[in-house]
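**Student:** Here the protein sequences line up with chains A and B, keeping their order. Residues -2 to 277 in my numbering are what the first sequence lists, from first letter to last. Residues -2 to 277 in my numbering are what the second sequence lists, from first letter to last.
FYI, nobody ran anything at the bench for these hints, they're computed from the structure. Bear in mind the structure is a predicted one, so any value in this text is a computation, not a measurement. Ideal Cβ placement from N, Cα and C applies to all residues, glycine included. Hints may be right or wrong, so weigh each one.
Said to hold, decoys possible - Just so you have them, the derived chain A footprint on chain B, three or more residues with Cβ under 8 Å:
id, stretch
1, 2 to 13
2, 116 to 123
3, 187 to 193
Number of protein chains: 2
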Amino acid sequence: MTTIRAACVQFSARADKSENVALMAPLVAEAAGRGADVVLLPEKWNAWMDGPGLRPLAERLDGGETVDAMAGWAREHGINLIGGSIAIAAEDESVHNVSIAFDRSGERVAAYTKIHLFDVDVGGFSYRESDGTAPGSELVTAELDGVTFGLTVCYDLRFPELYRALALDRGARILTIPSNFTLHTGMAHWEVLLRARAIENQAFVLATGQHGTPGGLDKPSYGHSMIVDPWGTVLAQAPDGDGVIVGDLDLTAQASIRERLPALLHSRADLYRTAHAAHT
Amino acid sequence: MTTIRAACVQFSARADKSENVALMAPLVAEAAGRGADVVLLPEKWNAWMDGPGLRPLAERLDGGETVDAMAGWAREHGINLIGGSIAIAAEDESVHNVSIAFDRSGERVAAYTKIHLFDVDVGGFSYRESDGTAPGSELVTAELDGVTFGLTVCYDLRFPELYRALALDRGARILTIPSNFTLHTGMAHWEVLLRARAIENQAFVLATGQHGTPGGLDKPSYGHSMIVDPWGTVLAQAPDGDGVIVGDLDLTAQASIRERLPALLHSRADLYRTAHAAHT
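Build the full structure now, drawing on both the sequences and the hints.
**Tutor:** Have a look at this one:
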């Protein structure tokens, strides 16, 4: 396969989980109807909140209202589906923020637990994702239609080494970043960082955002879901509101960029190792 | 010192080295006259070419027409000067592409040898910097007025780990990127990558470019020298032509960003280590 049609679904989580699952179904169907080979949903699209209140809404990797629905959509439409992220119950009383990839048969092929939790103070709001959520510690890729996808979530975007490791060591050609970027940081950083990850890794970037004020809370989100190609060109961008954007990812053009501007081969990972890494 | 006034000099190297040194002197004087605490020159501004022909124009770190001129400008004007980069003779018959930092007394305080050499095919042109130039292998910072500068050169910009190591491990608060970016890649990548390096490292970025067709050769350069703050805002940008841009770097505002959005503290360098690094 030399071209992959990718779709990104932009969404704003309502307060009720079942309503979110019901509202997402026709959006995924629309993406499939437009010929998508792979569909990406946003971060925590089925239930947006931080804090211990998220635990009762968490599911299990092998089953739950949302997990079963996503597996069903993938199978029913015969599409690859990267389910944004949803809360998955951890061993203790916390949850993990997990991005699950399903293949065209609805089988779960990979699950990435968000490494970097959003504990910041920006735009007049305080965010403490680590209150009730436990971080992951493993890099994860998914093989879909024989192509390697690097799975990440939202705030991970600020850590370039993660994407370099996915592209350089794990062979990722497409990077997925389901998100709920804040309005304040999104205006200043979202497009720049997405395009930089695409350019420096010569990879496609699929990035979904929530918009509005997800979960019925008062914290505004940026939206602007995007599909970026390995030269940094924004192939598609979502207007405000729920909706689907589609882009065709030309893997042959990507290979040509990697050949003519062989920055990935020029990497000198032996030199950059940080003191932090050297100590662990 | 809580604010540093930085100046970036944009330039287009003429074919004659002595002419370039003579033309640069008034530009540095202009920057000093505008109150610059630190002045950055472009990459290989005194002699632009690749290949073995550069060797006869190379100088020694401790002396030469250009090195002596730069030290004199720093001392004469009482400014810190990061001399873009110039060719320095290597032990063998090759040269190094070296960025030299001088303090206000004209003393050389640091010298960084470009690690990543520009061997690429873009915009209809072929570049082979490694033909006659040998790469460096050391990360380098310079302490100027008690502030840590991370020194890099041009194509280094595509390697985010280098900047992360300078910011996270070496304490760099200001990143310098003297460049001669090509017109073709500059249009697509220059501003995006500069702003990303600033945002992800919460550092100031000083970036100088050559413009026109440096060295009397036919390969066009992008120019657009920029000063970017740690939030990713472009404080100043050069129009086409030789000239000086100035920006005030507010170190207190930088500290506030690093405190409110503590992404540098959230780095998990223990997890990203690449297979390449692990093998060396």
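**Student:** Against each hint, give a clear statement of whether it holds in the structure.
**Tutor:** So, going through the hints one by one against the coordinates:
With a cut-off of 8 Å between beta carbons, the stretch 2 to 13 of chain B has 0 residues touching chain A; three or more are needed, and the interface restraint is violated. Evaluation of the coverage hint for the stretch 116 to 123 of chain B: fulfilled, as 4 residues show C-beta separations to chain A shorter than 8 Å, against a requirement of three. Against chain A, the stretch 187 to 193 of chain B contributes 4 residues with a C-beta closer than 8 Å to a partner C-beta. That satisfies the three-residue criterion, and the hint holds.
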